[in-house]
Amino acid sequence: MWRRGERCVILAVVAAALLAAAAASAAAGRGDDRSTYIVHMSRSAMPNDFVEHGEWYASSLQSVSEAAAVLYTYDTLVHGYSARLTRAEAAALESQPGVLLVNPEVRYELHTTRTPEFLGLDSTDALFPQSSTGSDVIVGVLDTGVWPERPSYDDAGFGPVPAGWKGKCEEGGDFNASACNKKLIGARFFLTGYEAAKGPVDVTKESRSPRDNDGHGTHTSSTAAGAAVQGADLLGYAAGTAKGMAPRARVATYKVCWVGGCFSSDILKAMEVAVTDGVDVLSLSLGGGTADYYRDSIAVGAFSAMEKGIFVSCSAGNAGPGAATLSNGAPWITTVGAGTIDRDFPAYVALGNGKNYTGVSLYSGKPLPTTPVPFVYAGNASNSSMGALCMSGSLIPEKVAGKIVLCDRGTNARVQKGFVVKDAGGAGMILANTAANGEELVADAHIIPGSGVGEKAGNALRSYAASDPNPTATIVFAGTKVGIQPSPVVAAFSSRGPNTVTPSILKPDIIAPGVNILAAWSGSVGPSGIPGDNRRVGFNIISGTSMSCPHVSGLAALLRAAHPEWSPAAIRSALMTTAYVEYPNGKGILDVATGGPATPLDVGAGHVDPAKAVDPGLVYDIAAADYVDFLCAINYGPMQIAALTKHSSEGCSANRTYAVTALNYPSFSVMFPAAGGTVKHTRTVANVGPPGTYKVTASAAAGSTPITVSVEPKTLSFTKAGEKQSYTVSFTAAGMPSGTNGFGRLVWSGDHHVVASPIAATWT
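Count the sequence shown with mature numbering (1 follows the signal peptide of the UniProt record, and there is no 0) and you get residues -26 to -1, 1 to 738, in order.
Honestly, the hints are just simulated from the structure, not real lab data. Everything numeric in this text was worked out from a predicted model, so none of it was measured. Positions of the beta carbon are idealized from the N, C-alpha and C atoms, including for glycine. Take these hints with a grain of salt, some might be off.
Heads up, simulated SDA-like pairs for lysine to any residue below, C-alpha to C-alpha not over 20 Å straight-line [claimed, not checked]:
1) LYS396 x ALA434
2) LYS282 x ALA137
3) LYS179 x ARG509
Cβ pair distances, simulated, as ranges [to be verified]:
4) PRO21 x GLU83: 39 to 45 Å
5) ASP176 x GLU40: 26 to 32 Å
6) ALA298 x ALA62: 32 to 38 Å
7) ALA585 x GLY376: 51 to 57 Å
8) VAL25 x VAL728: 53 to 59 Å
Could you put together the complete structure from these sequences and hints?
Given below as structure tokens:
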């Protein structure tokens, strides 16, 4: 299954997995205190007594525990294994020779069409003249699996599967190998770690196979690289042709997420297998908070993937709009935030007092009466302190029967509130934002007539319900509207910087469409994803950085097809330096959370612009050795670096000076001491366009206080493709209170290209 080199090792791994499954089942029954740990080993430290590393791993495990069994062995992205251990056993193991680190497993969560047109990709053939080779590019998606019968995976017009592909279509009870084709060329599932922690998968609720029973994985993979499907819509909304960013790319899916979450031992193994299979892009719309990079399994796996030339994109998370909320911030990962597109689904709320408010909805069912309907606030129709939230069983049927109920957003799922209202006899629902969500509106496929409104409208509706003796309301559904302006705006839920692990690396890198995105959906769950929703749809509209991440994954596939010689860092550079931060009228992209202009801590370099990314002029490239220098600069020790790089000899020279400011990143995060001073960054750009000369402009400020930005040299001239030129930027500022932020932009302008980098400054 894992394509190990020796038959005896394959049998050992299979046997170990079977033993682990049995041990997990027994452990679940007796409630022991074991947890899964990922053990990083120094491959070169294997004693001569052992022939195979698998034997050495098993011996090291047995030396601290007779009960534990190996769950997975890791052979390419990392060296080591995972096993169920007590804390004492883990501590004892970490002190053994050859053991680099013993990391506890992390439970990750999912970060949960018109976008090709919105991004200027109406015709990929015109923008990407090499896109005919796009069918040789493979996008690997780690998620909840795939619903292969959807037309987004139609292989019409595709040639043979690329010759170097080593993947496979794994079978399960409801998933045959024939489900794959020349478009969907691989589908695997990973659950050894999950079952060790949670017990056997409940096959009455989800498939023990690559099949997607959640919808999330089908949505993300079809967003990245789904084939064009005419006549796509959700319940009549967003009708048109749906296609992924790279419709000619191949898709391989790796199911790592289950009802109980996504576990790092499974994720790391799936990344390893995907790299061995031969993917060109890895897309992960999931995250698990922040940790040092050597303790973050996604960061560890992504480092080795990057070394092998694989582009890795991850969602920033949905914990916004608070500061320092993003995950997946390693500099070798492209971290993606979310913005809106120019399409909306208005649902107008008309009150009995003549006031009207605009909301959003994807409801498609029996409409409300044309005459006004009695209206009540859920907080006044409940005996529960949580009644305003429309929690299950919290509403008094006599007070809501036949009425439109106003529910506060929060705690339980948005559409779930409609089920609660329906069960209590309500006729409709208005979902009102509180301060936590402000004016952000996310459309939902409500089960009853429903509309979501912003905080201001919600306050007015609550006031009306409390002051009018006979309040009434109705909801008018206006279908699909396009050309909405301004767009994009930054989604309030999109997680923000700074990067808490290394604040000197600006994150997120970029934003992409992530609000109300139409893509393919699972056939085993309704559009709300809630039990009891018996509707079945071929496409669904959902929101999250989970949706923006595969947009960038697909764009990376297009760039890989157009420029197969580019490294992952060069692809990211092209996406970042050509991104835009202003609307055509010259005003900055707005943040829906504040109503004001977004900053680089919200959008990174800006919003993707693929039409320009294919021809960026200059790129900032980064090699694996440069990232090792970065690890030295943040004071990682030899064992921590080895856990990431797998090279036990990799270390930091005492004769060198390392600086984070020397990492050749396409953005600038400047850390000033509170007293102010001068901070220098160095960068090198490579010419990927025609010969030409570029001149620099740069400015930054903290409010009304300017930051002096000096660049040397001020002009860069290139005579041929591939030529490199370096420059130094000096940032100088006066003292400011700790925590103050400043922002700006550095731009190299040539005859045909503009190469831009964001600047974020923080006083520490």
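Results for each hint:
1. LYS396 x ALA434: Violated, at about 24 Å.
2. LYS282 x ALA137: holds (18 Å)
3. LYS179 x ARG509: holds (17 Å)
4. PRO21 x GLU83: 39 to 45 Å: holds (40 Å)
5. ASP176 x GLU40: 26 to 32 Å: Once the Cβ atoms are compared, 30 Å apart, the range 26 to 32 Å for GLU40 and ASP176 holds.
6. ALA298 x ALA62: 32 to 38 Å: holds (34 Å)
7. ALA585 x GLY376: 51 to 57 Å: holds (53 Å)
8. VAL25 x VAL728: 53 to 59 Å: Since VAL25 and VAL728 have Cβ atoms about 58 Å apart, the given range 53 to 59 Å holds.
Against the hints set out earlier in the document, a violation occurs for number 1 only.
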